[in-house]
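Asks: Sequence:
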Amino acid sequence: MRFLFRFRFPLIAIVLILGGLSFYGALFGPAGTSLTPRTIVVTPDDSLSSLANRLKEEGLIKSIWAFELAYVREQGGIALRPGGYELSASQDAWSVADTFARSPYLAWITVPRGRRKEEIADILAEALAWKAEDREAWLLATAAMPAGETEGVFFPDTYLLPSDMAPQDVARAMRDRFLETWKKFADAAELQGLTMSEVVRIASLLEREAAGAHDMPLIAGIIRERLQRGMKLQIDATLQYIKGNEELGWWKTVKSEDKYLESDFNTYQHVGLPPAAIANPGLASLQAVLAPEETNCLFYLHDNEGDIHCSANYSGHVANIRKYLQ
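Taking our numbering, I'd label the letters of the sequence shown as residues 5 to 330.
Heads up, a few of these hints could be off.
Unchecked claim - Straight-line C-alpha distance at most 30 angstroms; calculated DSS-like pairs for lysine-lysine: (1) Lys135 to Lys259; (2) Lys263 to Lys327; (3) Lys236 to Lys259; (4) Lys247 to Lys259; (5) Lys236 to Lys263.
No lab work stands behind these hints: they were computed from the structure.
Quick caveat: nothing in here was measured; it's all calculated off a predicted structure.
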């Protein structure tokens with residue numbers, strides 16, 4: 005009996021160890037044998053729980069609980085980083101968790117509307133960890149675009165881009181997004197006798213002049229009316245564009261003497277549109293150019309609350325200045 009007991013004890017221990025390993029493998033082991041890389045995109049709204057459920061549904065983990073435990077151990081409670089991650093079914097829960105603990109190979113980048121290309125370069129440089137030469141390469145790529153497309157065609161949107169994507173390819177991707185969007189407006193522009201360049205230039209003015217999408221149609225109506233009458237546009241945003249620089253800021257407050265700056269972009273000195281866009285317009289401004297509000301106004305201003313006031317003549321404009329800005 006004593007011999008049997010001595011024999012059974014190590015056997016039981018072996019069984020328990022094997023059972024434990026089997027249980028561990030059932031929770032933390034690889035979900036499959038495939039080495040084929042698959043991309044999982046984490047959005048800004050994803051939680052650890054929603055990601056774990058998706059990984060389970062995709063057959064990339066065996067246990068939701070095991071993955072969540074492994075992730076918390078790997079990350080120490082740090083929130084998920086949005087972006088695209090590459091993994092395979094052959095990875096165990098610890099390896100999968102480690103993948104999401106690292107920087108994503110696809111980065112979410114949101115480019116706001118109404119920014120000039122230098123500002124976009126700064127946004128991209130931060131999101132993609134660019135060096136100074138990468139930022140310069142992006143700007144050179146924008147300058148090499150077809151005539152009339154060196155500004156205004158880098159569409160403001162949310163992008164999911166490879167973190168190692170070449171700056172030149174990023175510029176082309178943003179321009180391609182714009183050209184795809186432009187297809188929605190091309191017919192309307194042609195019917196109104198406007199070129200893509202003209203629409204983009206007017207839309208870029210709206211982005212900088214309007215207090216929001218709500219007053220873009222009115223300003224578009226005023227700009228188009230002044231153009232039709234051969235009047236100077238006298239738009240302050242063009243002066244800001246001329247003065248803008250990296251050291252002092254891209255959109256500095258306009259001073260009275262700025263109206264005499266020597267530049268083809270100075271709409272106080274030259275009739276018609278500036279020679280190129282002054283910013284990169286979004287959907288709302290493009291729509292407003294082609295669906296302007298009918299108005300007899302030729303002048304406008306925004307009060308200190310951001311509300312717009314317009315007038316049909318200069319004397320009315322002066323009265324509005326006294327009423328709302330003095």
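Asks: Indicate, hint by hint, whether the structure satisfies it.
Replies: Results for each hint:
1. Lys135 to Lys259: violated, 35 angstroms
2. Lys263 to Lys327: holds, 23 angstroms
3. Lys236 to Lys259: holds, 18 angstroms
4. Lys247 to Lys259: holds, 11 angstroms
5. Lys236 to Lys263: Measuring from Cα to Cα gives roughly 12 angstroms; hence the hint holds.
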